[in-house]
Amino acid sequence: MKNKIYIFVVEDEPEVLDAIVRDLEEFETTFPIEMADSAEEARELIDALINAGNEIGVILCDHVLPGQNGVDLMVEMQNDPKTSRARKVLITGQAGLDETVRAVNEADLQHYIAKPWEKSDLVEPTRKFMTDYVLKWANNPMEYMSVLDGQRIADYIRKGKGITDN
Amino acid sequence: MTKIKTTGLLLGITGFCIPLFFSFSGLSLAGHLAMSIFLMAAVFWMFETIPIYSTSILVIFSQVLLLSTEGIIDYSGIAGYDPLPYTRFIGTLANPIIILFLGGFVLADASVKYDFDKNLTRILLSPFGNRTSTIILGLMAVTAVLSAFMSNTATTAMMITVIIPIIAKIDPGDPARIGIALSVPFAANIGGIATPIGTPPNAVVIAALNQQGLSVAFGSWMIYALPLAIVMLFVAWQVLLRLHPPATEFVSLDLDSKLQKSSHAILLYITFGITVLLWVTEGIHGIKSSIVALLPVVVLTLSSAFSKQDIRKLPWEVLWLIAGGIALGISMEATGLAGWLVGGIAWGNLSSLMVLVVFGAVALIMSNFLSNTVTASLLIPLALTLVTSGALEGVFGMLMVGLVIALSASFAMILPISTPPNAIAESTGVLKTKHMLLSGSIIGIIGLTLVLLLSVFYWPNVI
Numbered sequence: 001m002k003n004k005i006y007i008f009v010v011e012d013e014p015e016v017l018d019a020i021v022r023d024l025e026e027f028e029t030t031f032p033i034e035m036a037d038s039a040e041e042a043r044e045l046i047d048a049l050i051n052a053g054n055e056i057g058v059i060l061c062d063h064v065l066p067g068q069n070g071v072d073l074m075v076e077m078q079n080d081p082k083t084s085r086a087r088k089v090l091i092t093g094q095a096g097l098d099e100t101v102r103a104v105n106e107a108d109l110q111h112y113i114a115k116p117w118e119k120s121d122l123v124e125p126t127r128k129f130m131t132d133y134v135l136k137w138a139n140n141p142m143e144y145m146s147v148l149d150g151q152r153i154a155d156y157i158r159k160g161k162g163i164t165d166n
Numbered sequence: 167m168t169k170i171k172t173t174g175l176l177l178g179i180t181g182f183c184i185p186l187f188f189s190f191s192g193l194s195l196a197g198h199l200a201m202s203i204f205l206m207a208a209v210f211w212m213f214e215t216i217p218i219y220s221t222s223i224l225v226i227f228s229q230v231l232l233l234s235t236e237g238i239i240d241y242s243g244i245a246g247y248d249p250l251p252y253t254r255f256i257g258t259l260a261n262p263i264i265i266l267f268l269g270g271f272v273l274a275d276a277s278v279k280y281d282f283d284k285n286l287t288r289i290l291l292s293p294f295g296n297r298t299s300t301i302i303l304g305l306m307a308v309t310a311v312l313s314a315f316m317s318n319t320a321t322t323a324m325m326i327t328v329i330i331p332i333i334a335k336i337d338p339g340d341p342a343r344i345g346i347a348l349s350v351p352f353a354a355n356i357g358g359i360a361t362p363i364g365t366p367p368n369a370v371v372i373a374a375l376n377q378q379g380l381s382v383a384f385g386s387w388m389i390y391a392l393p394l395a396i397v398m399l400f401v402a403w404q405v406l407l408r409l410h411p412p413a414t415e416f417v418s419l420d421l422d423s424k425l426q427k428s429s430h431a432i433l434l435y436i437t438f439g440i441t442v443l444l445w446v447t448e449g450i451h452g453i454k455s456s457i458v459a460l461l462p463v464v465v466l467t468l469s470s471a472f473s474k475q476d477i478r479k480l481p482w483e484v485l486w487l488i489a490g491g492i493a494l495g496i497s498m499e500a501t502g503l504a505g506w507l508v509g510g511i512a513w514g515n516l517s518s519l520m521v522l523v524v525f526g527a528v529a530l531i532m533s534n535f536l537s538n539t540v541t542a543s544l545l546i547p548l549a550l551t552l553v554t555s556g557a558l559e560g561v562f563g564m565l566m567v568g569l570v571i572a573l574s575a576s577f578a579m580i581l582p583i584s585t586p587p588n589a590i591a592e593s594t595g596v597l598k599t600k601h602m603l604l605s606g607s608i609i610g611i612i613g614l615t616l617v618l619l620l621s622v623f624y625w626p627n628v629i
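Protein sequence lines correspond, in order, to chains A and B. Going left to right, the first sequence walks through residues 1 to 166 as my numbering numbers them. Going left to right, the second sequence walks through residues 167 to 629 as my numbering numbers them.
Among the clues, some could well be false.
Some chain A residues close to chain B (C-beta under 10 Å, calculated; not the full set) [to be verified]:
1. V21
2. G150
3. K161
4. I163
With a straight-line Cα cutoff of 16 Å, these simulated EDC-like cross-link-like pairs (lysine to aspartate or glutamate) come out [to be verified]:
5. A:K119 - A:E25
6. B:K598 - B:D422
7. B:K598 - A:E34
8. B:K171 - B:E214
9. B:K284 - A:D155
10. A:K136 - A:D149
11. A:K159 - B:D476
12. A:K2 - A:E143
13. B:K427 - B:D281
14. B:K284 - B:D420
15. A:K161 - B:D340
16. A:K161 - B:D476
17. A:K119 - A:E26
18. A:K159 - B:D281
19. A:K4 - A:D23
20. B:K169 - B:E214
21. A:K128 - A:E26
22. A:K128 - A:E99
Don't read these hints as lab results, they were simulated from the structure. We put the CB at the ideal spot given by N, CA and C, even for glycine.
Using the sequences and the accompanying hints, generate a full structural model.
Here it is as structure tokens:
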């Protein structure tokens with residue numbers, strides 16, 4: 001079984017979670033989407049995925065969750081070398097300025113999506129960050145050309161990275 | 167390690183051992199050892215047990231160890247082989263053709279650095295209008311021109327960045343999408359045959375011919391191969407138009423481009439122009455193309471247009487790969503192995519055309535599944551030996567069979583694994599393997615037929 005790069009979503013309201021996963025459907029055949037409804041569950045699932053040799057490419061996380069909040073979870077992930085590579089996106093309507101600043105400074109937050117969102121608000125950043133991720137970490141980014149930003153991946157090959165004539 | 171790689175490892179070691187435990191009559195000790203190296207390299211290259219460039223390095227290392235005067239075997243009391251100094255084997259890394267490629271790599275990488283390839287593409291594409299079928303021809307022509315001087319892979323990758331926005335504007339059900347996605351890798355494969363530096367198999371063949379004392383000038387190669395490249399480009403275009411007739415008649419191209427105007431970029435344009443001009447006019451001024459190849463290396467590095475970081479990023483492994491191929495040929499010839507191998511077949515019964523048919527067909531089939539360079543490396547030592555066995559006639563025969571092998575290897579494009587350009591095109595998700603299989607097979611068969619026709623009607627008149 002080949003190890004996968006996952007998209008991880010943390011959201012406590014089932015309808016909202018459904019909506020996010022539905023919007024991200026187009027990535028699912030290549031990048032499985034895993035979900036959790038609390039930070040605690042997320043941590044458990046992420047640990048299990050990573051221990052099985054998988055990677056987390058992007059985590060999209062709500063802020064207000066039962067128990068530990070989303071920003072705390074992302075700061076924790078950032079400080080753990082096993083999960084620090086994941087690109088972090090906050091999807092929320094309720095994070096205050098202080099928390100958002102903390103997410104940017106301490107969790108290397110890449111993007112902030114305010115609720116409610118349009119589908120493209122979710123898909124485009126996800127495509128961009130997954131492309132960033134595979135260009136930086138994947139052995140063969142070419143495999144992901146059809147679902148991600150093909151132009152950027154082709155340009156990466158053009159610049160002599162990845163493959164050459166043989 | 168996958169099952170295939172493990173199988174390759176075991177087979178490779180077995181292959182290496184066979185000549186050590188069995189004695190073949192008529193073959194010297196050195197010939198046996200050269201066969202060990204040949205079998206190991208062939209298996210490792212085929213199964214990609216280790217990276218193909220790594221197999222090349224292993225070949226050179228084994229030769230130094232087992233076949234050189236400085237190696238572990240003292241050949242002084244053993245008949246049948248006059249050992250070569252180890253510098254012959256490691257010297258393949260500075261073979262003139264390697265230096266020629268180095269010059270080509272520096273030009274190509276500098277072009278990428280200053281976006282010359284991208285901007286030139288947009289300029290060259292503009293006369294092709296906006297009719298879908300002529301745009302496909304334009305894409306193919308530009309791809310072929312660039313891939314004659316740059317790597318086929320880098321050219322394809324760059325052109326893919328150009329065609330993705332075009333394809334995105336075309337209706338998903340329109341077959342033109344598939345035609346466009348195939349046109350680029352096919353044109354890159356075809357364009358590679360046009361010049362000695364177009365693609366590595368050309369290098370392996372030219373180096374092997376050089377070893378036989380036959381030098382092939384840059385311009386001469388173009389006279390032999392360029393007409394074929396042009397014809398095949400039209401053939402491929404027509405095949406793609408017929409198999410995937412565009413439903414939309416017009417597509418719009420977004421061709422905004424500005425050539426960079428920095429002094430480094432301008433120096434690159436001038437150096438590129440002068441180098442190519444000197445290459446194609448080798449026949450007039452007589453300066454060897456590998457000497458000319460030093461010009462871009464010198465000019466671009468002394469001006470810092472090409473920096474230390476850029477030098478580090480050159481595709482060095484491709485040079486290792488070619489060097490290993492050249493070295494393999496040297497040991498097969500010097501130890502008498504190549505002669506012994508082809509001596510087993512009654513080539514005398516075959517006409518020289520049949521010999522070319524056999525080598526062309528084998529090269530085409532092999533390189534659909536193997537690296538083109540590996541195919542050329544494995545076949546060329548055998549083919550050139552046929553001249554000594556009398557199946558081919560002298561210098562002329564050597565050149566013909568060399569061309570047939572190099573060109574046929576480049577026409578292998580039926581699968582994504584056939585060449586890196588095909589792999590990139592397949593990865594876009596626009597086309598399926600079956601599309602590549604059908605059009606690639608047609609182009610391969612027409613290509614091989616044309617190569618053989620040239621060997622009968624054209625090359626005899628220009629060589």
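Task: Distance restraint between K2 (chain A) and E143 (chain A), which requires alpha-carbon spacing of 16 Å or less - done: OK: K2 (chain A) and E143 (chain A) at ~13 Å, within 16 Å.
Open item on the list: Check the hint pairing K128 (chain A) with E99 (chain A) against an upper bound of 16 Å on the C-alpha distance.
Closed with: Violated. K128 (chain A) to E99 (chain A) sits at ~24 Å, over the 16 Å cutoff.
Open item on the list: Just to be careful: measuring from the Cβ of K161 (chain A) to every Cβ in chain B, is the smallest value less than 10 Å?
Closed with: At 8 Å from the nearest chain B Cβ, K161 (chain A) passes the 10 Å test, so the hint holds.
Open item on the list: With the threshold set at 16 Å, check whether the alpha-carbon distance from K159 (chain A) to D281 (chain B) stays at or below it.
Closed with: holds, 10 Å
Task: Hint status (Cβ of I163 (chain A) to nearest Cβ of chain B, threshold 10 Å) - done: Nearest chain B Cβ about 5 Å off; hint holds.
Task: Straight-line alpha-carbon gap K128 (chain A) to E26 (chain A), limit 16 Å - done: With Cα atoms ~14 Å apart, K128 (chain A) and E26 (chain A) stay inside 16 Å; holds.
Task: Agreement of K284 (chain B) and D420 (chain B) with the hint, judged by alpha carbon distance not exceeding 16 Å - done: holds, 13 Å
Open item on the list: Check the hint pairing K598 (chain B) with E34 (chain A) against an upper bound of 16 Å on the C-alpha distance.
Closed with: With a Cα-Cα distance of about 29 Å, the restraint between K598 (chain B) and E34 (chain A) is violated, given a limit of 16 Å.
TODO: Answer holds if the nearest beta-carbon of chain B is closer than 10 Å to that of V21 (chain A); otherwise answer violated.
DONE: Violated - the Cβ of V21 (chain A) stays beyond 10 Å from chain B, reaching only about 22 Å at its closest.
Task: Hint consistency between K171 (chain B) and E214 (chain B) [alpha-carbon to alpha-carbon, up to 16 Å] - done: Holds, because 7 Å separates the two Cα atoms, which is no more than 16 Å.
Open item on the list: K284 (chain B) and D155 (chain A) were given as a pair; does the straight-line alpha-carbon distance stay at or below 16 Å?
Closed with: holds, 10 Å
TODO: Given the hint that K4 (chain A) pairs with D23 (chain A), test it: the Cα-Cα distance must not exceed 16 Å.
DONE: Given that 16 Å is the threshold and the Cα spacing comes to 20 Å, the pair is violated.
The earlier numbered hints that this structure contradicts are 1, 6, 7, 15, 19, 22.
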